[in-house]
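**Student:** Here's the letter readout for the chains.
There are 2 protein chains.
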Amino acid sequence: MANGADTAATGVHADRGDIVISVDAMGGDRGPAAVVAGLAISAARHPGVRYLIHGDEATLSPLVARQAGLSSLVRIVHAERVVTMHDKPSQVMRSGAGTSMWSTIDSVKAGEAQAAVSCGNTGALMAVSMLRLRKVAGVNRPAIACLWPSRNPGGFNVMLDVGAGVEAEAEDLLQFATMGAAYARNGLSLKRPRVGLLNVGTEEHKGRAELRTAHDRMLEAAEAGGFDFVGFVEGGDIPSDRVDVIVTDGFTGNVALKTGEGTAKLVSDFLKEALGSGLLPKIGALLAMGSLKRLQRRIDPRRVNGGVFLGLNGTVVKSHGSADETGVAAAIGLAVQLARSGFVDRLAARVASTGRTGQDAAVAASEDGTKA
Amino acid sequence: MANGADTAATGVHADRGDIVISVDAMGGDRGPAAVVAGLAISAARHPGVRYLIHGDEATLSPLVARQAGLSSLVRIVHAERVVTMHDKPSQVMRSGAGTSMWSTIDSVKAGEAQAAVSCGNTGALMAVSMLRLRKVAGVNRPAIACLWPSRNPGGFNVMLDVGAGVEAEAEDLLQFATMGAAYARNGLSLKRPRVGLLNVGTEEHKGRAELRTAHDRMLEAAEAGGFDFVGFVEGGDIPSDRVDVIVTDGFTGNVALKTGEGTAKLVSDFLKEALGSGLLPKIGALLAMGSLKRLQRRIDPRRVNGGVFLGLNGTVVKSHGSADETGVAAAIGLAVQLARSGFVDRLAARVASTGRTGQDAAVAASEDGTKA
Chain A
1 MANGADTAAT GVHADRGDIV ISVDAMGGDR GPAAVVAGLA ISAARHPGVR YLIHGDEATL
61 SPLVARQAGL SSLVRIVHAE RVVTMHDKPS QVMRSGAGTS MWSTIDSVKA GEAQAAVSCG
121 NTGALMAVSM LRLRKVAGVN RPAIACLWPS RNPGGFNVML DVGAGVEAEA EDLLQFATMG
181 AAYARNGLSL KRPRVGLLNV GTEEHKGRAE LRTAHDRMLE AAEAGGFDFV GFVEGGDIPS
241 DRVDVIVTDG FTGNVALKTG EGTAKLVSDF LKEALGSGLL PKIGALLAMG SLKRLQRRID
301 PRRVNGGVFL GLNGTVVKSH GSADETGVAA AIGLAVQLAR SGFVDRLAAR VASTGRTGQD
361 AAVAASEDGT KA
Chain B
1001 MANGADTAAT GVHADRGDIV ISVDAMGGDR GPAAVVAGLA ISAARHPGVR YLIHGDEATL
1061 SPLVARQAGL SSLVRIVHAE RVVTMHDKPS QVMRSGAGTS MWSTIDSVKA GEAQAAVSCG
1121 NTGALMAVSM LRLRKVAGVN RPAIACLWPS RNPGGFNVML DVGAGVEAEA EDLLQFATMG
1181 AAYARNGLSL KRPRVGLLNV GTEEHKGRAE LRTAHDRMLE AAEAGGFDFV GFVEGGDIPS
1241 DRVDVIVTDG FTGNVALKTG EGTAKLVSDF LKEALGSGLL PKIGALLAMG SLKRLQRRID
1301 PRRVNGGVFL GLNGTVVKSH GSADETGVAA AIGLAVQLAR SGFVDRLAAR VASTGRTGQD
1361 AAVAASEDGT KA
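Going line by line, the protein sequences match chains A and B. According to this note's numbering, the stretch in the first sequence is residues 1 to 372, in order. According to this note's numbering, the stretch in the second sequence is residues 1001 to 1372, in order.
Everything labelled a hint here was simulated from the structure, so no lab data went into it. We treat Cβ as the ideally placed atom computed from N, Cα and C, and that holds for glycine. One or more of the hints may lead you astray.
[Stated by the list, open to error] Which bits of chain A does chain B cover? Going by a derived footprint, with three or more residues having C-beta under 8 Å, they are: (1) 199 to 211; (2) 248 to 258.
[As the list claims (entries may be wrong)] Derived EDC-like pairs: lysine to aspartate or glutamate, alpha-carbon spacing no greater than 16 Å straight-line: (3) Lys1088(B) / Glu204(A); (4) Lys135(A) / Glu112(A); (5) Lys206(A) / Glu1204(B); (6) Lys1265(B) / Asp228(A); (7) Lys1191(B) / Asp1228(B); (8) Lys1265(B) / Asp241(A); (9) Lys1191(B) / Glu1223(B); (10) Lys191(A) / Glu167(A); (11) Lys1088(B) / Glu171(A); (12) Lys1206(B) / Asp106(A); (13) Lys88(A) / Glu1203(B); (14) Lys1206(B) / Asp1216(B); (15) Lys1206(B) / Glu167(A); (16) Lys265(A) / Glu1203(B); (17) Lys206(A) / Glu1167(B); (18) Lys88(A) / Asp1216(B); (19) Lys265(A) / Asp1228(B).
[Claimed, not checked] Some chain B residues well away from chain A (every beta-carbon gap over 10 Å; in silico): (20) Ser1061; (21) Ala1170; (22) Lys1258.
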């Protein structure tokens, strides 16, 4: 397993370990072709990484064969059945064995892969992941963390929970802070992430009772959790540079995430309309094309594709259901990075540490790579 | 009082009634000069409307005198004290008499004005408004409604509550639906607004228990409330054209509002950076200037400045604290429009109607101008 220094976010890396990623090829809106194409992009970016891909072998074999050099890196694991977007999580928990999603998670459970990626049904994926991988000792409520384009030097902030649950008690929010900080260290290479608690104002008397309790608990736990607590933050701070990790319950986080995506889409559609009408604007847009493309890249949701499930005994990355090959490649790249950093073990150590504050600083310190 | 046909959103109107707007000149971040300048813009747009402005007379007199023709439309009501952004609502409720904010609301209470506008502290303004104007019979929890740029033909959707409270029961959400629909009829000139309930998914089994209860109650109440209920909507639907009124609790609404504003600001800052670097992009931006300005106007938060307090015996419009004269003029314009439409009486009738479904359709029908 690589050490803490190996947390670069993108680009081609020399492989330093025996990394295997388990990929669900089915269940996305664009079908297995988009997943295999994304896998080919990822394979070029991360030489040496190998893949297990789960789904219908007769469909997958020719798709893999078509991509030069991919066959040697990929092993297809045949799965008859597919979880659809309409399947209820409870159904899938009862009778999901034999689906490509279940098989994808089981490879991580069996230790054959270090991380899993799926474009499938979020609720079902969380249910299967919890059932098969189980929660990390000390974690009450797992969370889904997303990356959010921001003004920070690295270009992204982390927000959680964005939809694993629909509520959270003060203690859950505290665990989200610890887990989110661990993710920011391993996923964004931040030594000491700044954590903020989402509220409707920054004054300490504002908001719901559980938020005021969580506020005080986070102040106490920041040292053991290896983060700086910046206090309450507001919706406008999510893309700002005053915070790295935004903590909230799954309901609020999900609404905020979709509101942000919807607003960015609205503004960029309005921009297209504005530049598409009239000759001068069209010529202007043509001249500014390079810059506009860079802008689009900067706010492109496909680049930050990948919600990470935190608090389970295994790394699971949920890709957007509608992800194309670019989006799938981003999600797989995130899984590779987290697998390399030994993220799951580090997160577990950190949760154990903040749960028993002060008792095992040595375990916590090892997460930062200061001890082996 | 004008009839239901008079609900045009902008532009110069001939005055059809004896409309007086009560304006708090103090308490905004930019001071009374911005408020008086905004008032002058509004006076030009809405001939015949008169204004009471509340604050320090020695400061206000020269500001008013400087604007040609304004003196004859304005009466200054002297108030010694000012509510600051740091005053707690509870303090202001106890000892706020004598402040410009209190005086502004009292003019509406006394019937000297039909609507109030303030740039001051939101919590204090809501507290004073509730204390002095009292809730409409049948309303448990007032709400603040905002306008949101959208793909709808009118260019805006309504969202509430965006911060009067931090939670809401199912019955509160139902009242928000009724009040929001009434606002959309009188503020956006929509005959039969489409109401959606904000949730983390559109399937009926999703979300918190109170949302599922509210969902069923809204289905039942839609007919009496004069709206179409479109069911659950998600964050991405807020700026969409599938809904006109988005209902949520004050915590979620406030986070969504600030997240949307923050995201729009981020994208437009990124756009400016993209167009400001390099010669070709700069020339391109110059050629596209007109279109880019129209875009900026379309997403300019100052144009939709004005959160309206719903559920009180009087119309109160909260302007952004940082509003400049353009923003203040927009907030005053909204107050003029709602005063002209007799909004408060109509909302009260509608709330009474949905509270006792089926008993007084005649009262409700009068809101649409179908009965005098």
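**Student:** Can you name, in rising order, the numbers of the hints this structure does not satisfy?
**Tutor:** 4, 5, 6, 10, 11, 12, 16, 18, 19 and 22
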